[in-house]
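*Asks:* Given chain A, work out where chain B should sit, using these hints.
2 protein chains.
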Amino acid sequence: MHSTGDVRVEERDDPKIIESTDAVIRLTATCICGSDLWPYRGVEPADHLLMGHEYVGVVEEVGADVKTIKVGDFVVGSFVISDNTCEICRAGYQSKCVHAEFVHGGIGTQAERARIPQADGTLVATPGQPEPELIPSLLAASDVLGTGWFGAVAAEAGPGKTVAVVGDGAVGLMAVLAAKQLGAERIIAMSRHADRQELARFYGATDIVTERGDEGIAKIKELTNGLGAHSVVEAVGTQQATMQAIGATRGGGHVGYVGVNYDVKIPGIDLFFAGIHFHGGPAPVRRFLPELIQLIWDRKIDPGKVFDLTLPLDRAAEGYQAMDERRAVKVMLTF
Amino acid sequence: MHSTGDVRVEERDDPKIIESTDAVIRLTATCICGSDLWPYRGVEPADHLLMGHEYVGVVEEVGADVKTIKVGDFVVGSFVISDNTCEICRAGYQSKCVHAEFVHGGIGTQAERARIPQADGTLVATPGQPEPELIPSLLAASDVLGTGWFGAVAAEAGPGKTVAVVGDGAVGLMAVLAAKQLGAERIIAMSRHADRQELARFYGATDIVTERGDEGIAKIKELTNGLGAHSVVEAVGTQQATMQAIGATRGGGHVGYVGVNYDVKIPGIDLFFAGIHFHGGPAPVRRFLPELIQLIWDRKIDPGKVFDLTLPLDRAAEGYQAMDERRAVKVMLTF
Numbered sequence: 291m292h293s294t295g296d297v298r299v300e301e302r303d304d305p306k307i308i309e310s311t312d313a314v315i316r317l318t319a320t321c322i323c324g325s326d327l328w329p330y331r332g333v334e335p336a337d338h339l340l341m342g343h344e345y346v347g348v349v350e351e352v353g354a355d356v357k358t359i360k361v362g363d364f365v366v367g368s369f370v371i372s373d374n375t376c377e378i379c380r381a382g383y384q385s386k387c388v389h390a391e392f393v394h395g396g397i398g399t400q401a402e403r404a405r406i407p408q409a410d411g412t413l414v415a416t417p418g419q420p421e422p423e424l425i426p427s428l429l430a431a432s433d434v435l436g437t438g439w440f441g442a443v444a445a446e447a448g449p450g451k452t453v454a455v456v457g458d459g460a461v462g463l464m465a466v467l468a469a470k471q472l473g474a475e476r477i478i479a480m481s482r483h484a485d486r487q488e489l490a491r492f493y494g495a496t497d498i499v500t501e502r503g504d505e506g507i508a509k510i511k512e513l514t515n516g517l518g519a520h521s522v523v524e525a526v527g528t529q530q531a532t533m534q535a536i537g538a539t540r541g542g543g544h545v546g547y548v549g550v551n552y553d554v555k556i557p558g559i560d561l562f563f564a565g566i567h568f569h570g571g572p573a574p575v576r577r578f579l580p581e582l583i584q585l586i587w588d589r590k591i592d593p594g595k596v597f598d599l600t601l602p603l604d605r606a607a608e609g610y611q612a613m614d615e616r617r618a619v620k621v622m623l624t625f
Numbered sequence: 291m292h293s294t295g296d297v298r299v300e301e302r303d304d305p306k307i308i309e310s311t312d313a314v315i316r317l318t319a320t321c322i323c324g325s326d327l328w329p330y331r332g333v334e335p336a337d338h339l340l341m342g343h344e345y346v347g348v349v350e351e352v353g354a355d356v357k358t359i360k361v362g363d364f365v366v367g368s369f370v371i372s373d374n375t376c377e378i379c380r381a382g383y384q385s386k387c388v389h390a391e392f393v394h395g396g397i398g399t400q401a402e403r404a405r406i407p408q409a410d411g412t413l414v415a416t417p418g419q420p421e422p423e424l425i426p427s428l429l430a431a432s433d434v435l436g437t438g439w440f441g442a443v444a445a446e447a448g449p450g451k452t453v454a455v456v457g458d459g460a461v462g463l464m465a466v467l468a469a470k471q472l473g474a475e476r477i478i479a480m481s482r483h484a485d486r487q488e489l490a491r492f493y494g495a496t497d498i499v500t501e502r503g504d505e506g507i508a509k510i511k512e513l514t515n516g517l518g519a520h521s522v523v524e525a526v527g528t529q530q531a532t533m534q535a536i537g538a539t540r541g542g543g544h545v546g547y548v549g550v551n552y553d554v555k556i557p558g559i560d561l562f563f564a565g566i567h568f569h570g571g572p573a574p575v576r577r578f579l580p581e582l583i584q585l586i587w588d589r590k591i592d593p594g595k596v597f598d599l600t601l602p603l604d605r606a607a608e609g610y611q612a613m614d615e616r617r618a619v620k621v622m623l624t625f
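Quick note, the sequences are listed as chains A and B, same order. The numbers in the working numbering rise by one with no breaks, and the one at position 310 of the first sequence is 600. The numbers in the working numbering rise by one with no breaks, and the one at position 203 of the second sequence is 493.
Extracted from the complex, chain A is given alone in its bound form:
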């Protein structure tokens, strides 16, 4: 991304092993993330960024100290580099690893090849070479599924719980899928778009709420004996969505927030009197990858359906435009 709104596909030198813990992978597929729109729209600075942080592919080369990942492995990686051995990783917060590094910006996986640092701690090999129809779902695990899953886990979705999901983008839809898998009793998708409502129902939503803001909160309370939801996933990142999530959660309940929330200011006193748990941030996708890959491999979940537009890499700019104009939920890029 040369500058705001200016994405180009250009020739670059092939990546090489730099550190002995690196791997170089040849991408099988990659995609465009909702968060890629932040620099595209000028919310984040954009000055010759290497774009892309979601990826699946085949390992072509590994450094001397890489132990668990082998050349020829099909791998899925997290959008944050992690060693998966430090104290923070062992506690399950690989996105805050002492060696954490965002793939977005300086590495970039909207590319034919990429160098992945900390290969053992970042990549997970699939049980074998995947069938082509599994590729979109495995790719989704790299961020959008892992992030929605973390949102649902952070919101403590589970048996007996009513879970509300604010946001019907790809991450929100994946949070619906996760809440269902985690055994939630009732899943309320907050969505105004018929096509996304349908997808939300496909993934397990039991109720749809179209209202937003205070009306949305009132509707959630109405559906929960006036108490609010046990668990709310915030998957947008705006002020309204954040306050909607806080307001829709019952006292003692849990908000899991995974929307990148630039410009959001949370009034401390509102959070205080809500008396809720508030947890989120960049998802520690690496924590969930082995489990998610297995669920996909066993065809128990089908997250790949969030991709509603597939383009060859050299038409990436069209993909950005389609997502920016909300013509696509999520765009896959192939080779």
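Be a bit skeptical, because a hint or two may be false.
All copies of an identical chain are treated as equivalent in the list; a pair is satisfied when it fits inside any one copy or across any two copies.
Think about it this way: if two alpha-carbon atoms lie no more than 25 Å apart in a straight line, the pair counts; the simulated SDA-like pairs of lysine to any residue are [stated by the list, open to error]: (1) Lys360 to Asp303; (2) Lys590 to Gly450; (3) Lys511 to Cys376; (4) Lys511 to Glu377; (5) Lys509 to His389.
Keep in mind that the hints were calculated from the coordinates and are not lab data. Quantities reported herein were computed from a predicted structural model and do not represent experimental measurements.
*Replies:* Just chain B, lined up with the frame of chain A:
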């Protein structure tokens, strides 16, 4: 409190049973809370408020439907009325009970007698009539101990954990006591006052950090291998203290916040990239009362030492002044 800064002790009619679930208690002792300073200083409106929400005393009368509390019982109550039977109470969030009502404002326990609604759900009887030296500690359980305890529980203080406490007021000191009781390995009190540092050490602090803001954060990181504390209790309620708590917590760690935080605006993106758990609010003291009363009864904890000034009720205004001018940590009022 007639208006900001104007507290008077005046004759009022004796309280009577109104609802069949009420009790009327004769106060043995009461006290002034840090949060009573909010209306006193004009941060909260003050227009003929009935002050006081911390209380211990003897039950004089009960309504027809009160089952567990009897006339003559010595009782400790929470600063929030709760039925202790609704779904929210059963989940441990009695301060968000469907019948929740703040004792402050409309009830007021800086008084000789008080009507306590939802007596069964709000009051806990002690095992017998307490020795006089236990009164301050039992009184502390009503809010300041219960609140500090909740802060430590919300921050997930426990074995193997490093706990930092922001704020050396009575609640902060009680959070130190709680962290110690909950088995924390290391307890860092952030305090600049020699007398409060001493009390913090008495209650179990292993380290004292005098720096604040970014320097305070740097110091906590220095003490924790650069990672930050596992658990941080925010017991002040200012912008600086809130950001200090967020910054001092490691990725995946827990902030328990119990400072009433008017005017605090939390930048969402800072909380997002911190990747921490953030939980707090008005403490569900009722959840902890049975355990806290027993610890006090067995003389395992001595929270009563936070009271460093005792005055008769008719000199309450002096007590407010002493706390406002920071000449006293916490003022007990007796009869």
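*Asks:* Check the structure against each numbered hint from earlier and tell me which ones fail, lowest number first.
*Replies:* The structure breaks none of the hints.
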